[in-house]
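One letter stands for each residue in the lines below.
Number of protein chains: 2
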Amino acid sequence: MNRPFVMSLHAITMLAAAFLAPANAQAEDPLASWNDGPAKAAIVNFVEATTAEGLPSFVPQEERIAVFDNDGTLWAEQPLYFQFMFMVDQLKLAAPNHPEWKDNPAFKALVAHDPPALAKMGPKPVLELLAVANSGMTVDAYDKAIRDWLEMARHPKFKRPYPELAYRPMQEVLAYLRANGFKTFIVSGGSIEFMRPWAEKTYGIPPEQVIGSVSQVRFDMKDGQPVLYRMPKIEFVDDGPGKPVGIYRNIGRRPIAAFGNSDGDLQMLQYTAAGDGARLMLIVHHTDAEREYAYDRKSQIGKLDKALDEANAKGWIVVDMKTDWNRIFTSD
Amino acid sequence: MNRPFVMSLHAITMLAAAFLAPANAQAEDPLASWNDGPAKAAIVNFVEATTAEGLPSFVPQEERIAVFDNDGTLWAEQPLYFQFMFMVDQLKLAAPNHPEWKDNPAFKALVAHDPPALAKMGPKPVLELLAVANSGMTVDAYDKAIRDWLEMARHPKFKRPYPELAYRPMQEVLAYLRANGFKTFIVSGGSIEFMRPWAEKTYGIPPEQVIGSVSQVRFDMKDGQPVLYRMPKIEFVDDGPGKPVGIYRNIGRRPIAAFGNSDGDLQMLQYTAAGDGARLMLIVHHTDAEREYAYDRKSQIGKLDKALDEANAKGWIVVDMKTDWNRIFTSD
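Those sequence lines, one after another, are chains A and B.
Using the numbering used here, the first residue of the first sequence is number 4, and each one after it goes up by one.
Using the numbering used here, the first residue of the second sequence is number 4, and each one after it goes up by one.
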């Protein structure tokens with residue numbers, strides 16, 4: 004088999020290139036669901052500025068940390084946070100065992116699907132109700148309840164499973180950042196348990212990069228087997244000023260890029276903006292009543308008011324969903 | 004430049020091989036500091052069993068989670084946990100402002116370097132003292148205090164900076180696992196702040212993979228700048244039964260490999276062992292009074308008693324430091 008044969012230098016170059024070239028040498032636009040405009044240009048410019056060695060704006064790979072709010076930033080959040088939909092169903096199941104709930108404001112607001120009342124009280128009372136409902140449940144049983152619900156439940160307007168309401172343009176941003184050496188994290192007010200079962204498949208974000216609100220969990224041995232039980236206490240609310248704290252605890256580095264959509268993301272955006280060097284702060288503005296929802300300053304869910312003022316004042320990127328995105332959902 | 008020339012198939016094969024071969028095709032032993040024996044063989048067999056596609060024991064890369072205790076497992080811990088050495092110095096500095104400490108048992112035990120008393124009370128009272136001492140400090144100032152101390156402080160016996168007392172054989176295990184697609188985490192009773200500044204350089208473990216005890220931190224805006232302040236409260240103790248809880252919160256998957264050295268690691272080892280498929284549970288047994296320290300059941304620091312019994316009963320790997328390691332410290 005060692006017979007000599009004739010080969011051109013060109014052929015050798017092509018052979019070598021075939022071994023060396025990435026599969027997507029003729030890559031399609033990694034942000035194909037984004038229309039050309041200032042938002043898309045800002046994302047591309049930021050990535051190019053931080054990844055080109057030699058530029059003063061270059062950032063070493065280990066410092067390329069990007070954080071994403073979930074509800075309203077990576078997937079939809081109207082007419083009510085999807086985790087609240089899950090909780091309503093869970094609480095209805097548990098209600099017969101908890102007659103004391105009938106006067107609980109959070110329980111009443113949940114069952115009545117009353118976003119104004121829920122928004123006014125914030126996520127904590129609702130998380131606390133559910134913590135009581137599920138107290139003593141193993142984390143494995145809770146995980147199964149969430150997975151079963153996600154399979155069964157459908158969005159009231161779009162009639163699709165909730166994970167199919169992830170935003171395709173944001174999935175592209177996640178993949179584009181990772182392809183450029185970024186590590187992507189979710190930083191959400193939702194509970195870690197509710198996001199982990201589908202975040203890896205939907206966003207490419209593994210469970211260990213999902214930061215969220217945390218319920219107390221207790222370790223015990225039962226019949227010689229180690230078991231983790233849920234306890235009726237919320238230990239950490241990863242919302243508003245809790246987001247930089249969650250980032251500090253779970254990442255330990257200041258992000259260089261942050262993506263949000265509401266006032267609950269303001270402190271995470273401020274914290275990201277306050278670092279040195281190139282920064283990307285981006286807000287998804289829900290402006291598309293036809294394809295999704297249009298809401299901001301007056302909304303009870305995902306209220307965007309102070310953060311919009313600050314974005315305008317500081318030059319953060321505000322995505323106009325209606326004009327910037329040529330496609331909304333991953334399932335469109 | 005397109006002139007034809009003669010090339011053998013063999014030469015083309017070599018050319019292709021040069022493009023494709025990893026740099027370490029003629030690799031040295033990745034566990035060179037380990038003597039041949041059952042411990043080394045168990046590590047290699049586990050990695051080969053979990054990474055060879057087609058074997059029933061194969062584990063997909065994203066599930067290859069390995070967790071490591073720090074004190075006594077990745078670096079030394081005698082005559083007193085190194086973080087306690089730091090705390091002693093910090094508390095001495097703060098003592099004039101806290102006359103109430105003179106009757107505090109944790110303070111007295113720390114200043115007297117009294118390991119039996121400290122061991123009896125566990126890490127929480129000591130962490131609480133320091134939390135009070137540093138309350139109101141920004142996390143950046145605290146980080147600097149730790150970095151300054153690490154630069155200045157020397158181990159009383161070995162007269163070297165503490166990070167140089169990392170165990171070379173364990174650094175090799177970390178690198179060997181990562182080279183085989185594992186993600187490596189620290190899961191320690193020490194505080195996240197004390198480990199993060201040097202864990203990346205010393206162990207190749209980035210801050211976001213350092214799980215430890217957590218103090219309360221508060222976000223605030225000061226002069227238009229976001230700041231994180233330390234608060235006088237310990238929120239989570241990542242020791243003993245806290246370790247599986249820390250793993251659940253921060254990783255969200257059950258590890259397939261766990262490395263410890265004391266009874267404080269027992270629950271982490273049990274939790275790891277209880278999963279399906281191939282598992283590696285390993286305990287570092289300190290048997291080398293000459294090169295390091297010899298201690299186990301009777302030690303006040305790093306007591307290894309119940310976990311040693313369970314290791315023997317369950318067939319977990321027990322490393323005999325004296326015979327299994329031909330080199331101890333990274334700085335030897």
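Treat the hints with caution; some may be incorrect.
Remember, identical chains collapse to one label, so a pair may be satisfied in a single copy or spanning two.
[What the hints assert, rightly or not] Subject to a maximum C-alpha distance of 20 Å in a straight line, what follows is the list of computed EDC-like cross-link-like pairs (lysine to aspartate or glutamate):
{"#": "1", "residue 1": "Lys325", "residue 2": "Asp106"}
{"#": "2", "residue 1": "Lys160", "residue 2": "Glu175"}
{"#": "3", "residue 1": "Lys186", "residue 2": "Glu66"}
{"#": "4", "residue 1": "Lys186", "residue 2": "Glu65"}
{"#": "5", "residue 1": "Lys309", "residue 2": "Asp223"}
No wet-lab data here; the hints were simulated from the structure.
Okay, the hints, checked on the actual structure:
Taking the shortest Cα distances, Lys325 and Asp106 never come within 20 Å of each other, neither inside one copy (42 Å) nor across copies (66 Å). Proximity of Lys160 and Glu175 under a CA criterion of 20 Å is satisfied in neither setting, with 24 Å inside one chain copy and 55 Å between copies. Both within a single protomer and between protomers do Lys186 and Glu66 lie at most 20 Å apart by alpha-carbon distance, with minima of 9 Å and 18 Å respectively. Within a single copy, Lys186 and Glu65 get their C-alpha atoms as close as 8 Å, and across copies as close as 15 Å, so both meet the 20 Å cut-off.
When the C-alpha separation of Lys309 and Asp223 is checked against a cutoff of 20 Å, the pair qualifies only between copies, where the shortest distance is 16 Å, while the shortest distance within a copy is 45 Å.
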